Amino acid sequence: MAPLFSGAPAFAILAFLEVRTVRAMYQKAGGDNADWLQIKRHMRAVRALGYATSIDDPDLGIIHISAPLKQDDGGIAGSLTLALPSGPDNATMIAKASVWLIEGAADMAQQILLTTRR
10 MAPLFSGAPA
20 FAILAFLEVR
30 TVRAMYQKAG
40 GDNADWLQIK
50 RHMRAVRALG
60 YATSIDDPDL
70 GIIHISAPLK
80 QDDGGIAGSL
90 TLALPSGPDN
100 ATMIAKASVW
110 LIEGAADMAQ
120 QILLTTRR
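Quick note: the sequence shown uses our numbering, first residue 10, plus one each step.
Bear in mind the hints are in silico, worked out from the structure with no lab data behind them. Keep in mind the model is a prediction, meaning the values are calculated, not measured.
Quick list of in silico lysine-lysine cross-link-like pairs, PhoX-like style, CA-CA up to 25 angstroms:
| no. | residue 1 | residue 2 |
| --- | --- | --- |
| 1 | LYS49 | LYS37 |
| 2 | LYS79 | LYS105 |
| 3 | LYS49 | LYS79 |
Computed beta-carbon distance windows for the label pairs:
| no. | residue 1 | residue 2 | range |
| --- | --- | --- | --- |
| 4 | ALA100 | THR125 | 32 to 40 angstroms |
| 5 | ALA54 | THR30 | 16 to 24 angstroms |
| 6 | PRO12 | LEU123 | 30 to 38 angstroms |
| 7 | TRP109 | ASP81 | 20 to 28 angstroms |
| 8 | PRO67 | ALA100 | 14 to 22 angstroms |
Here a beta-carbon is modelled for each residue, glycine too, at the ideal position from N, C-alpha and C.
Could you put the whole structure together from the sequences, leaning on the hints where they help?
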C-alpha cells in the first residue's frame, strides 16, 4: 500500500478530506478495492476521535499520535504528530497525548491563519 495510506500522520489528514477525493487517490496509488472499506472505516473512526494513532506503523516500538491542522474553510493544512516509545500503558499515553495534540493543533492552525492573513 502507498505510504500515504499508512500511519497516524497520514490518516489525521485523510480522514478530514472528502471521501471521494481520498478514494480517487487510493485508486491512483494502486490500492485494492477490497481494502477500501477498511480504509473508509478507519477514516470514520479518526474523524469521530479527532485524532489518529498507530503503534508500530511505520516504526517498530513507536506510537504515533496525530491531530489534523484544521483550517477555517474546512481544509486541512497538515497534521501535528507526537512519536513516543511504545510501552505497557499505551492506552493511557494515547489518551493524555491526544488531548495535548488536539489543543496544540488548534493553536497552530490559528497561528497559521493569522500569519497568512498579514
